[in-house]
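> Hints given; two lone chains; assemble the complex.
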Amino acid sequence: MNKESPIDTTGLIVSMSPHIRGATTVERMMRTFLLCLLPAAVVGIYLFGMRALWIMALSVVTAVAFESLIEHLTHRPLTYRDCHAALIGLLLALILPPSVPWWIPVVGATVAIILGKMVFGGLGTYPFNPVLVAWVVLKLSWPERMSLFFAPHTTDELLTPLMAVKEDPALFYSYGMLPLFLGQKPGPIGTVCGLAILIGAIFILTKGIIRWHIPLSFLFGIALFSAILRYINPDIYPPVIFHLIAGGALFGAFFLAPEPVTSPVTPMGMLLFGFLAGVTTMIIRMWGGYPDGTFYAILIMNAATPLFNKLKPRPYGRRQHA
Amino acid sequence: MGLFLKGIKLPGKLPTFDAVEAPLPKRVILPLRQYIGEPARPVVSRGDRVKVGQLIGAAEDSTSLPLHATIAGKVVGIEEHLDHRGALLPSVVIEADGADTWIEPPGEKDIISLSPPEIITRIQGAGVVLKGMLPIPLAFDLLPPDQPKTHLALTGRRVVRRIDTLLIAAIDPEPSLLVNRYLAGSPNEELPGGIAALRSVTGAERTVFVVDKETSPSSQLTEIVAGDEEEVTMISLDGHRFPVGLPIPLIKAALGREVPLPYGHPRDVGVAVYDTDTVLSVGKSIQGIPPVETLITVGGGAFAKRGVVKIRIGTQISTLIESLGGFTGEPAKLITGGPMMGTAQYDLSVPITKDIHGVFALKEDEIQLVGDYRECINCGLCVKVCPVNLLPGVLSLYCARDRFEVAEREGLFACIECGCCDYVCPSRRPLVHLFRHAKHQLLET
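Protein sequences, first through last, are from chains A and B. Numbering of the first sequence is given in the numbering used here, commencing with residue 1 and proceeding in unit increments. Numbering of the second sequence is given in the numbering used here, commencing with residue 1001 and proceeding in unit increments.
For the record, the hints were derived by calculation from the structure and aren't laboratory data. Check before you lean on any hint, since a few could be wrong.
[Claimed, not checked] Just a few of them, taken from the derived set where beta-carbon distance is under 8 Å, the chain A residues facing chain B:
1. Leu12
2. Ile13
3. Met16
4. Ser17
5. Ile20
6. Val26
7. Met29
8. Gly124
9. Val261
10. Thr266
11. Lys312
12. Arg314
13. Pro315
14. Tyr316
[Claimed, not checked] Taking lysine-lysine and the DSS-like style, the derived pairs with C-alpha atoms no more than 30 Å apart in a straight line are:
15. Lys1013(B) / Lys207(A)
16. Lys1384(B) / Lys1439(B)
17. Lys1384(B) / Lys207(A)
18. Lys1026(B) / Lys1305(B)
19. Lys1310(B) / Lys1074(B)
20. Lys1363(B) / Lys1310(B)
21. Lys1009(B) / Lys207(A)
22. Lys1439(B) / Lys310(A)
23. Lys310(A) / Lys1009(B)
24. Lys1009(B) / Lys312(A)
25. Lys207(A) / Lys312(A)
26. Lys312(A) / Lys1439(B)
27. Lys1026(B) / Lys1363(B)
28. Lys1384(B) / Lys312(A)
29. Lys207(A) / Lys310(A)
30. Lys1009(B) / Lys1439(B)
31. Lys1305(B) / Lys1013(B)
32. Lys1384(B) / Lys1213(B)
33. Lys1026(B) / Lys1074(B)
34. Lys310(A) / Lys1384(B)
35. Lys207(A) / Lys1363(B)
36. Lys207(A) / Lys1213(B)
37. Lys1310(B) / Lys1213(B)
38. Lys1363(B) / Lys1009(B)
39. Lys1009(B) / Lys1310(B)
Bear in mind that the values here come from a model prediction, so they are computed numbers and not experimental data. By construction, the Cβ of each residue, glycine as well, lies at the ideal position given by its N, Cα and C atoms.
Isolated chain B, as found in the complex (with noise of 0.2 Å):
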């Protein structure tokens, strides 16, 4: 049982139904790059037919990732387009014929007899991402740096460690999205292709799983771990404490390593964690089959309905909240992402994305706004919950007086945004605001 003493105490109940199917979408919106990176080249033009798995970008580079039609049709353009972050990017949109006919499958190879390397291809050649703040290619993030990471070299030594552990993180990063607590919860039959690629790409000994206290794991995991020809162990923790599922505040509660920041890696102390969701992608994509649905999280008091559901990615947001019965309430934010990480929307034309966790509608009582915030009172709240060791009160100060350079000295690029001084603070500053601010400003200068 790992401990974690930091952060803050959310609600997130799980669901007890099963994961909701959204209906096919008629029309799919597919940016070209879902993730941090190059975006992917068209190979297909207006007009072509298309069907679901095949691919339509082909990555440029190691920073880049190939792209799939997710549904069966015809390509009605390739039109800028935009995405939840805010950028406007080349997307191919498909509308769909009705019949959802699949590419030839590529044929059950053994997974077993693949070598690291055969599975790194997979992974890219499937466009697996890697969600989180940065979403990146999950295949970029497995292969190890090239040049160890500078602030390291300045010890002297090359401290690209060797993997021992991977970290399966049966958590979800907010307590508000589900996912990974349902995928804990049901059997899946990627799930052991998906470890043992993983643990063949790493070359860890040790497999890890942190599992929700509340949530009873599923026998098929029960027996993962009971299976003891390898060492893998299981660790509980208590899910409800933001943000203890997000990989740096992780690492430290289920193994009590520090990943140096700013700028640290898991692998520089020795791990790699992902999370089931990813563990999920890995084990489809190395059978060579790309993600063209993935799971997501329906949350906030606007929507009649919520819990998991399996989403056709490139699907607009619009269309997955008629087909989920639509709003209940007046929404007043909609967010992709998680309550407390998540992304504000203004338009609901954006698609799903591979990086998107979840869909959260909020009802103006849900929300709080910080309108006229105060001066600080130093009360001390801050200090109390921040994951990373900081004064985020304090930081806010220098911040909020443009003295960038002193909060980078104290720390500001630790911060891993969470928002756990946000959300306690009395005086209702807008503490993740100004930190971004001040990152901008310091990366911009």
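With the rest of the complex left out, here is chain A (with noise of 0.2 Å):
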């Protein structure tokens, strides 16, 4: 049909528009989202030490290391590139406290790929945060071990914020705030330093790899209830700042909530999801038989996903059939 045109036609692509596509890929996001880790792992390092970056290396070398082994048994095509199972193992190992024997972190990385997410079906299909999945397990299995947590810069065992106000709510006076946001006091590696955990946050917002509703509902959750309880009595309750930087609280709400496949992807159920899940973190706090009640509070959310995911936007033009 071609044949007096003098210019070569053969070779020219033909497929659906859109033809042109956005720079954003899994892998991509990934790896951002591994970069947005990194000021809370180095103060991780800087305050407990090389056992920080022991736990890190085996949670992260045995995530990939079994999601590569499953893979390749199930004759898959492997997806180490994509960086998703070192995220799963870094961010595992930045909820661990620091105390734990090298094969915590090897059990639970190992968990966290292979109940939490390969057993699904891999990146996409998991109901559940694999990281958190795997924190409970470990949580269950050795209560002990996962609640021994060092002062910064030595292994001298001391209570978390939270723990000494679970036994003595008036404790809470005891603690500067300043201290607490920048780091100073016992927690899991990742999580104490508020400020690098903001740093990385605000980066991982611009990037537009999570988007606000989830991190800011979430934090809000908490601030409302906490400054209810605080208002009711101020003597036993602690202020809502502490409720925000003592715990796990900033890492769950930026890191762990907004995690892109256990999350809802509507605003209204973005919103919700944030809020509710701030609302039981506060409700375990208080009168649950844990200290800290976040990575719980997040995990009993994804199970409501779906739900969440039936608040959708108003479909354009509908209103106007009235």
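Quick look at the structure:
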């Protein structure tokens, strides 16, 4: 049909529109996510020494290795390049206490990859945040090892602020807010320094990898709940800012709750998801059996994500029917 | 200043130079159907000599349009030819004789005295096409429907609304397309006539120009807006925020009205929306001049020369490429329309028809192939950008698993196929492809 044309047209690609696409890929998203965790990881190593680095390395390597092994055994393409396994490994290491023996991150990363991710079919299909699944398994299996925390720069055992307040509510007076925010407290490796988390959070929000709805409504839920308690009895309930920075709330708000696969996608769904996760966190902290409820709260809300997704935006043009 | 927060920001700079006039083609291919509808009936035969503007195809009914010769010369055949939508259509092939002789212009008419039916007759007679995803005869779009739309009739009242606002889009359907913004920045003698005709036909008492905030409107446009004999206003929008230039998001952004979807028409919310290019065609058609030339955007990294090109309808794409100095690089994709919503071509012999916005030759580094796409990771970026508030990721899962009825319930047919979700998807899922597939499956059963 095209014999007369002097221009060679062979090799033209025909496919459906759109013909141009944005630069964001899953690989890029995960790499940026890893980068946003860097401040928290570096501060963790600074505060808890080389054992923190050792835990992170073990966790990341185990996660990547097990993912590749399973993909090899099930004859699937290897996906270590998308950095998702590495991200799971690093996130898990950052919420482990610095005191854990070497096999805790190994078992944890294995559970995260196998039970959390691969049994459901890999990235995109799992219903619960794999990091939190692994954390819960570790917490239930070795509760005393998972609640042994070190004071910064030492290996002296010390209770985290939330554990201390759980035992004696009035103890919150003894904590200065600025040291708490800067990380001068015992706690999981990556969650102690609020400043480092916020630096990563600003980066991850401006890069558009997560949306502001979940983190902000999560923190708002905690703030509102603790403000009400504080208003009722300021003597036994700590101030709002204490609840925001003393435990894993900041880390959970920016790096665990908005995990794409297991969080809702609609604006209303995300707002409610975050808010209820925040409220649940506070309920567990106040009346539950654990000092910090952040991770449990997020896991519980993960289960309800399909319901939150039913809060759809109003489709364009529907209002006009009346 | 209108506001539009959905969609995506796309590049697309207005060229500072004037429109390039492509040289007269030696040969044109004029498909007898350049829109969605019935083809015209050829009224010339092989060997006939024709002049520019001479009728060569007659309209059969209101869904078909007459066709005019776009160069002077000899009809060398009426044969089947491929058009840019991939259809084989009977087409009139004319070979130029070199002399660009026009038929006698029908003489200047006092267009103020034309009645609305007369204007519609002239628009129909000139064969003006309303460009868009589904190009249709403009006169057909202007006529009020005989029957109220069925989904609207369900509410029990007849909702063929009177049009109160004429929206003239001086921004382009895609930021990469330049024609409307180019026209907004240069004076045109047909503009006042076209506006007057459309106001008369639609009965709109208000005219709203929508201009791009980065384009400075021509003095002619500002004078029309400033001349306060009737209500004319101007709204500026960020034209780089695709798909604000498409009619349905545009009406929302400029007037805050929402066209009922699916199957809605701007008329249902009292709006008539046409772009500057169409208004100028109307201006010409009421003087009895059929569109023989069209303004298209030429772009993409493989073209040596880019910008707005004035070209005779029926010129083959290969001729266009030659007249612009050929390619500088190897094109990977050749597209009619814009890069977001256009159609990929495999044969460069297809002619430029009345419904084509532009021609883009994209190099390999400019396109992204879908290839191995991933499972949806539920990131929600598509929800953020969808201009009609769907959940594209969820819809795509239904479509990929052949659950088309569920997808339909979830609003599949409200999708305007702008491609924003596809553009942002980090899993590189071919969302528009899946939606079109599902729509076809549903329409066939």
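> Find the hints from earlier in the document that the structure breaks and name them by number, from lowest to highest.
Every hint satisfied by this model.
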